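A.B. asks: Going line by line, the protein sequences match chains A and B. The opening residue of the first sequence carries number 1 in the numbering used here; numbering runs sequentially from there. The opening residue of the second sequence carries number 1 in the numbering used here; numbering runs sequentially from there.
Treat the hints with care, as some may be off.
Stated by the list, open to error - Simulated crosslink set (DSBU-like; lysine-lysine; CA at most 35 Å straight-line):
| id | chain 1 | residue 1 | chain 2 | residue 2 |
| --- | --- | --- | --- | --- |
| 1 | B | K24 | A | K136 |
| 2 | A | K136 | B | K26 |
| 3 | B | K26 | A | K135 |
| 4 | A | K135 | B | K62 |
Unchecked claim - Derived contacts from chain A toward chain B, CB cut-off under 7 Å, selection only:
| id | residue |
| --- | --- |
| 5 | L49 |
| 6 | W56 |
| 7 | F59 |
| 8 | M122 |
| 9 | T157 |
| 10 | F242 |
Since the hints were made in silico from the structure, they are not lab data. For clarity, every value in this text was computed on a predicted model and none was experimentally measured. Using N, Cα and C, we set each Cβ at its ideal position, and we do this for glycine too.
The residues making up each chain are set out below.
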Amino acid sequence: MTDLDTRAAVTIDTPNYRPPHGRRGRPRPYSASKRRSTLLTVLLWLCVLYFVLPLWWLFVSSTKDTSALFSTFGLWFGPDFSLWDNLVDLFTTRGGLFVRWIGNTVFYALTAAVGATLLSAMAGYAFAKFDFPGKKVLFSITLGAVMIPLTALALPTYLLFAQAGLTDTPWAIIVPSLVSPFGVYLMRVYAADAIDDSLLEAARVDGSGEFRTFWQVGFRLLGPGLVTVFLFSLVGTWNNYFLPLIMLNSSDLYPLTVGLAQIQAAASAGGGSQAAFSTVITGSLVTVIPLVIAFLFLQRYWQSGLSTGSVKG
Amino acid sequence: MTHTPTAARTAARPAERRRTSTSKRKQRTAAYLFILPFFLVFLTMLVVPLFYSGWLSFFESKLIGGEQFAGLANYVRALGDSAFWGSLLRVLAFLLIQVPIMLILALCFALALDSGRARGSRTVRLLIFMPYAVPAVVATLMWGYLYGPDFGPIAQIARAVGLGTPEFLTPGNILGSMMNIVTWEFIGYNMIIMYAALRSIPAELYEAAEIDGAGQFRVAWSVKIPAIRPAIMLTVIFSIIGSFQLFNEPSLLNTIAPDAITNSFMPNYYAYNLAFINQELNYAAAIAFLLGLLIAIVSYIVQLSEQRRERRERRLS
Chain A
1 MTDLDTRAAV TIDTPNYRPP HGRRGRPRPY SASKRRSTLL TVLLWLCVLY FVLPLWWLFV
61 SSTKDTSALF STFGLWFGPD FSLWDNLVDL FTTRGGLFVR WIGNTVFYAL TAAVGATLLS
121 AMAGYAFAKF DFPGKKVLFS ITLGAVMIPL TALALPTYLL FAQAGLTDTP WAIIVPSLVS
181 PFGVYLMRVY AADAIDDSLL EAARVDGSGE FRTFWQVGFR LLGPGLVTVF LFSLVGTWNN
241 YFLPLIMLNS SDLYPLTVGL AQIQAAASAG GGSQAAFSTV ITGSLVTVIP LVIAFLFLQR
301 YWQSGLSTGS VKG
Chain B
1 MTHTPTAART AARPAERRRT STSKRKQRTA AYLFILPFFL VFLTMLVVPL FYSGWLSFFE
61 SKLIGGEQFA GLANYVRALG DSAFWGSLLR VLAFLLIQVP IMLILALCFA LALDSGRARG
121 SRTVRLLIFM PYAVPAVVAT LMWGYLYGPD FGPIAQIARA VGLGTPEFLT PGNILGSMMN
181 IVTWEFIGYN MIIMYAALRS IPAELYEAAE IDGAGQFRVA WSVKIPAIRP AIMLTVIFSI
241 IGSFQLFNEP SLLNTIAPDA ITNSFMPNYY AYNLAFINQE LNYAAAIAFL LGLLIAIVSY
301 IVQLSEQRRE RRERRLS
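Build out the structure end to end from the sequences listed, making use of the hints.
C.D. replies: Following this line, the structure appears as structure tokens:
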């Protein structure tokens, strides 16, 4: 029953999204009589403060110069609005290195996310829609890999890359980020629901090759699942600190995370060089904004994608 | 009725079988080609390093003679290494304190949002999720400043009401401060997984209970939570894996509070320091391997006990 239910839900979801309340297409006849609870509303919004205030502090602090940072109340603006000065500082110190870090991060994250999504989509599609010897074993191995601590793998990966002479190159960041066992799992679940077998049969009867069918029929139907895997790989690579930290030596190649940590280390080691604090804070703000925007704009996709994954999970 | 179609199919079989078997073979080849790229990267980036790490852990590098086979010496050393045990104890504290708090809060938020009784619940959901998009590096730096005694707002408020300066970054308090950072980062993510599962419960399941006069709490406890058990288990497993792997938080708090964070504060951070600061690659590999083994064992036990519980309940009902 749940099987049918999810399938129905997914096919309703896929072509055009509807707001969450009607989303499952499930009737909620009693919702009209439900009373809104003021107590619950107040409680929830108070809790929201915990999640939002640190980010609010980050924003407010990046509008202050260093002396105001120390002398004014942290959760409200200081006398001067120095956000632009801070940004100019951030982007021009050390020959515009920060801009380079932004470029690196965008490049690593996009390449890795596109690659991981493609690989996961192809593998997940094959697992969902084909029968082949070894399918069960291969899929269980993939699932088991979710358990392997990726950071525990980083050390041997580093040694292998060092032997191949690939450390301190973009490859060292991108290639390890291409593996997404959870992405394969999610795409399999998604493909099983979203792609109808009869469509594939029809394409085969028409003489379409398997790869053309995948691109023209399968890929399109996988939309929200693809966005989910893409977004989570994007965030994974964007936020990754451990891998670039061990793989990269030249600060020209750093992504934002390692760069920020380096400025922070310099700032606290320098002690007196207080100017660095506002650079770290403004840099943090700049690092956060693109991802928050990506999640906000793509929320309808990743939320439906995640729900498919967790229902079957 | 079942007979006629079978008979017809048998008659048509020879020709059909030849066609299906060539198209089956083609499909099989296509399937292998589809999974090939993934498994190539999977093999080189996951399986090979895993075995390499196991291999390394059996060696020792000596000043004279270089790499030498050492058998289980590195593992024996790890088992007697109080720094390693200390780091595992701190992970245990995370598993017993931070993970339950985080997941219970996430579940409460998910249930509250799913009940549809709060105003602006869509916005609330997004705002609670937002910290997930914040890189752990930024989250740790930010909280490090927030905790800070100089311009941290918490200290400012505490001083203003006359409570003195709270000390979040002392050796005694840093573990709690770190738990708070991780909780802040991941409540939203776990909440979204649970919320998505809640939305897919067929409404009939609990509307019947509601008609019978069961209150919201009753419905949540006896209908909704059991229904989303698989999703909750998913978050438990992910949180266990995540706790063992904590690296960014101790590593960055170390620059903020060097006295409070030792180089073996968390096992993963310890392995990193062993490998890249102390240059003890083989021992670090053994620690990393033990860590992976431990994660697999703990996740397996959790899953097994869940399956047992399920079976027991099925027998009871």
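A.B. asks: Look at each hint and say if it fits the structure.
C.D. replies: Going down the list of hints, with the structure as the test:
1. Only pairs whose Cα atoms come within 35 Å are accepted, and K24 (chain B) paired with K136 (chain A) is accepted, the gap being roughly 18 Å.
2. Among the hinted pairs, K136 (chain A) with K26 (chain B) is consistent with the structure: their alpha-carbon atoms are about 19 Å apart, no more than 35 Å.
3. Between the alpha carbons of K26 (chain B) and K135 (chain A) the distance comes to roughly 16 Å, so the proposed pair stays at or under 35 Å and holds.
4. Distance check on the hinted pair: K135 (chain A) and K62 (chain B) sit about 45 Å apart at the alpha-carbon level, beyond 35 Å; violated.
5. With its C-beta approaching chain B no nearer than about 9 Å, L49 (chain A) sits outside the 7 Å limit, and its interface hint is violated.
6. Here the hint on W56 (chain A) is broken, as its CB sits about 10 Å from the closest CB of chain B, past 7 Å.
7. Interface restraint check for F59 (chain A): the shortest CB-CB distance to chain B comes to about 11 Å, outside 7 Å, so the restraint is violated.
8. Annotation: M122 (chain A) was flagged as interfacial toward chain B, and the flag holds, the nearest CB pair being 5 Å apart, inside 7 Å.
9. Because the closest C-beta pair between T157 (chain A) and chain B is about 5 Å apart, less than 7 Å, the hint holds.
10. Annotation: F242 (chain A) was flagged as interfacial toward chain B, and the flag holds, the nearest CB pair being 5 Å apart, inside 7 Å.
Hint violations for this structure: numbers 4, 5, 6, 7, all remaining hints satisfied.
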